[in-house]
Amino acid sequence: MNRELHDFPGGLKFKTYKEMTDTIPAIQHPLPNKIILPVRQHIGIPSVPIVKIGEHVLKGQMIADADGYVSIPLHASTSGKVIDIDDYAVPHAGEHEATCIVIEPDGEDKWFDIHPTDDYLSVDPKKLQEIIRSCGIAGLGGAGFPAHVKLHEGVVNTVDTLIINGVECEPFITCDGRLIQEKAHYVVSGTRMIRHAVQAKNCVIAVEDDMPEAYEALSKWIDDDIELVKVPTRYPAGGEKQLIQTLTGKEVPSGGLAIHIGIVMQNVATAASVYRAVTRGEPVISRYVTITGDVGTPRNLQVLLGTPIRDCLEACGYQHNDNHRIILGGPMMGIHIRNPDIPIIKTTNCILVNQVKPIPEEMPCIRCGDCFNVCPIKLLPQELYWHAKTDNFAETQNYHIFDCIECGCCSYVCPSNIPLVQYFRYAKTQIAAEERRLDGADHAKKRFLMRQERILTEEADKISKLEKSQIISSTSNTKTEDKKSYIKEAVTRTRKKRSEIKQLQPDPDKNND
Amino acid sequence: MIVILILGSLFLFISIRLNSNEKSENYNSLNVQTIDAIENLLPQTQCGKCHYPGCRPYAEAIVLGKADINQCPPGGEYSIRAIANLLGKDSKSLSNDIENEVNQCVALIDEDSCIGCVKCIKACPVDAIIGAPKFMHTVIKKHCTGCELCIPSCPVDCISMVPLRIKTREWVWSKPNSDHKLTL
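Protein chains in written order, with our numbering: chain A, 103 to 615; chain B, 16 to 199.
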């Protein structure tokens with residue numbers, strides 16, 4: 103059953119440099135001296151630490167709990183002592199620091215009490231999603247969207263096709279390819295589990311046509327229930343929207359999600375984690391990472407989450423120096439980091455080291471239109487660029503800036519060396535900042551108006567109380583007068599009576615006399 | 016003849032009255048609309064740094080031509096540009112008579128020095144300070160707009176402004192000309 107493949111617009115063909123690492127078996131990276139686990143390794147709300155400094159934790163023990171629906175828990179990647187919970191540098195383009203839980207490994211690597219789920223097919227899909235959530239599974243392809251959210255959407259809507267994405271389209275990166283070759287069974291079984299969790303009608307695993315070993319490995323485990331498809335090697339064929347277009351010919355609507363056209367997509371590494379989570383109850387605590395570029399022995403490592411990048415680089419024979427720079431992710435979409443002490447997190451797929459090259463000077467746009475030709479979303483990068491450069495953000499939104507997947511094709515082909523993607527990232531984050539500013543102003547205004555109202559009512563209360571007390575005092579005046587007259591009357595009455603009695607009394611006396 | 020004249024003059028009189036009524040009403044509602052629109056572009060800190068007692072009065076002053084559009088330091092460049100766009104004016108830099116634009120800060124009460132006088136609570140335009148007489152006060156960071164109005168009210172000078180830490184999610188990419196460009 104051969105699926106008819108479609109095409110997506112734009113894109114580029116590169117020399118992939120995958121041969122550097124894709125034939126070398128991955129090795130288990132040794133236990134580091136320090137494990138630094140950021141509480142936010144996914145898109146969404148950071149998890150909340152539930153351990154204290156000094157506490158002893160076991161491998162796979164939950165150390166931070168999910169805070170809300172779009173959030174996942176975090177687990178200790180080895181056994182040891184929590185030595186700090188504070189801000190540390192995390193993988194971030196702005197070199198940010200964020201809350202991390204630091205563990206000093208005790209070397210025993212002792213597992214926490216975890217439970218397997220026996221027969222996943224008899225488990226309710228919702229229960230399966232809950233297992234996936236509690237094991238802290240985020241999309242391991244790069245974006246890190248909590249897996250259970252996508253799967254839950256799948257249950258709410260009907261899922262036509264589940265796509266497991268093994269298309270590693272960025273140059274240099276081979277971690278998914280190696281994972282498939284070494285753990286094909288995990289990927290295929292995990293795929294079946296995800297399929298049960300979303301109740302998908304069809305199921306496809308997609309790899310690139312330059313990954314024959316991975317294809318072979320998968321086809322050994324696959325039965326008729328899953329389609330295995332090779333897609334042509336072209337960047338960015340592994341992007342969610344592009345892969346959907348290639349496999350189904352359908353386009354995800356602007357501003358919409360894959361589920362809106364009945365599709366759920368997960369990465370192969372996510373599928374493998376689901377397998378571990380279901381069959382062993384094992385949370386996400388390690389991942390495959392490609393260490394490549396100008397390092398001594400480029401290869402894939404299976405690394406515990408929280409291992410500092412410096413350790414991984416040293417394991418591959420590289421000492422950090424100023425002539426090189428470290429890129430987290432691939433050459434097209436990765437971020438440049440200066441601090442090698444930041445940790446590997448759930449979404450780290452590749453560490454690329456290359457020589458520092460002078461940045462070519464940005465020249466004026468000559469309106470050649472090359473950027474439009476390579477854009478896989480068919481946006482107008484040149485228009486977006488003009489508006490982003492002049493801070494005309496409303497207009498960038500009219501040109502659908504939020505549909506840009508930041509693949510970097512436009513920047514790559516620009517003959518004037520314009521860093522287009524950075525302009526778009528700038529515009530996107532500025533728009534978000536403006537929205538926050540407006541929200542903040544709105545919030546302040548509401549509180550200000552409420553305060554004004556409160557002050558007015560308080561004053562009105564005061565005045566009315568004052569008036570009331572005046573009325574009371576005035577009424578009490580009349581009352582006192584009333585009382586006085588009443589007493590007066592009473593006094594005169596009694597006097598009258600007495601005088602009457604006095605007048606009457608002599609009579610009996612007289613009688614007695 | 017006389018009837019026609021009377022009717023005619025009456026009609027004229029009424030139409031003029033109606034017209035003028037309509038005009039003035041239109042003019043007023045237009046004014047109010049512009050004031051609302053400008054107010055929505057201001058940061059609502061109610062700080063009074065524009066030399067007006069609040070954001071609304073400043074918006075009114077702009078519409079009445081009493082104030083310029085570049086007098087709001089917390090709004091900064093963003094507000095000035097937005098108001099300039101709205102009114103079809105040229106954008107300009109912040110007025111020299113006004114304090115410089117500052118990074119957004121929040122007030123922080125040194126809780127050991129606080130004597131619990133409730134003066135700052137009364138000064139805060141957004142009710143962001145809580146406390147009771149003779150008890151320690153504190154600022155609710157989430158609600159503080161950084162207007163600095165509480166600072167002069169404190170008799171023991173225990174309020175300071177601290178810069179707001181940018182959350183990772185709220186970080187903004189810099190405009191190019193920096194070193195984030197990547198090449199193969």
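Source of the hints: derived by calculation from the structure; they are not laboratory data.
A few of these clues could be false.
[Stated by the list, open to error] In silico DSS-like cross-links for lysine-lysine, where the CA-CA straight-line distance does not exceed 27 Å:
| id | chain 1 | residue 1 | chain 2 | residue 2 |
| --- | --- | --- | --- | --- |
| 1 | A | Lys491 | B | Lys157 |
| 2 | B | Lys64 | A | Lys480 |
| 3 | B | Lys104 | A | Lys564 |
| 4 | A | Lys530 | B | Lys134 |
| 5 | B | Lys137 | A | Lys491 |
| 6 | A | Lys530 | B | Lys190 |
| 7 | A | Lys567 | B | Lys134 |
| 8 | B | Lys104 | A | Lys154 |
| 9 | B | Lys182 | A | Lys491 |
| 10 | B | Lys134 | A | Lys212 |
| 11 | A | Lys154 | B | Lys134 |
| 12 | B | Lys190 | A | Lys548 |
[What the hints assert, rightly or not] If you want the footprint, here are the derived chain B segments under chain A, 3+ residues with CB under 8 Å:
| id | segment |
| --- | --- |
| 13 | 77-86 |
| 14 | 122-134 |
| 15 | 138-149 |
[Said to hold, decoys possible] Sample of chain B residues lacking proximity to chain A, with all beta carbon distances greater than 10 Å (derived):
| id | residue |
| --- | --- |
| 16 | Ala52 |
| 17 | Lys104 |
| 18 | Ser168 |
Here the structure is a predicted model, which is why all the values come from computation and not from measurement.
Ideal placement from N, C-alpha and C gives every residue a C-beta, glycine not left out.
So, going through the hints one by one against the coordinates:
1. Restraint check for A/Lys491 and B/Lys157: the C-alpha separation of about 32 Å exceeds 27 Å, so the hint is violated.
2. At most 27 Å may separate the alpha-carbon atoms for a hinted pair to count; B/Lys64 and A/Lys480 exceed this at roughly 47 Å.
3. Restraint check for B/Lys104 and A/Lys564: not satisfied, since their Cα atoms lie roughly 46 Å apart, outside the 27 Å limit.
4. Distance restraint check for A/Lys530 and B/Lys134: the Cα-Cα separation of roughly 42 Å exceeds the 27 Å cut-off, and the hinted pair is therefore not satisfied.
5. Of the supplied pair hints, the one linking B/Lys137 and A/Lys491 is violated, its CA atoms being roughly 44 Å apart against a limit of 27 Å.
6. At roughly 11 Å between alpha-carbon atoms, A/Lys530 and B/Lys190 fall within 27 Å of each other, so this suggested pair holds.
7. Taken as a hint, the A/Lys567 and B/Lys134 pair is honoured in the structure, with Cα atoms around 24 Å apart against an allowance of 27 Å.
8. For the suggested pair B/Lys104 and A/Lys154, the alpha carbons sit about 57 Å apart, so the restraint of at most 27 Å is broken.
9. With a C-alpha separation of about 25 Å, the suggested pair B/Lys182 and A/Lys491 falls inside the 27 Å cut-off, and the hint holds.
10. The hinted pair formed by B/Lys134 and A/Lys212 fails the criterion: a straight-line CA distance of about 57 Å is larger than 27 Å.
11. For the proposed pair A/Lys154 and B/Lys134, the alpha carbon gap of about 38 Å is over 27 Å, so the pair is violated.
12. Proximity of B/Lys190 to A/Lys548 is assessed by CA-CA distance (about 33 Å); at most 27 Å being required, the pair is judged violated.
13. Counting residues of the segment 77-86 of chain B whose beta carbon lies closer than 8 Å to any beta carbon of chain A gives 0, which falls below the threshold of three, so the coverage claim is violated.
14. For the segment 122-134 of chain B, the proposed coverage by chain A is not satisfied: 0 residues have a C-beta within less than 8 Å of a C-beta in that chain, short of the threshold of three.
15. Here the segment 138-149 of chain B counts 4 residues with a CB under 8 Å from a CB of chain A, which clears the bar of 3, and the coverage holds.
16. Interface exclusion of B/Ala52 from chain A stands, the closest Cβ pair being 13 Å apart, more than 10 Å.
17. Even its closest Cβ contact with chain A, about 17 Å, leaves B/Lys104 beyond 10 Å, as expected for a residue assigned away from the interface.
18. In this structure B/Ser168 is separated from chain A by more than 10 Å, as the shortest Cβ-Cβ distance comes to about 15 Å.
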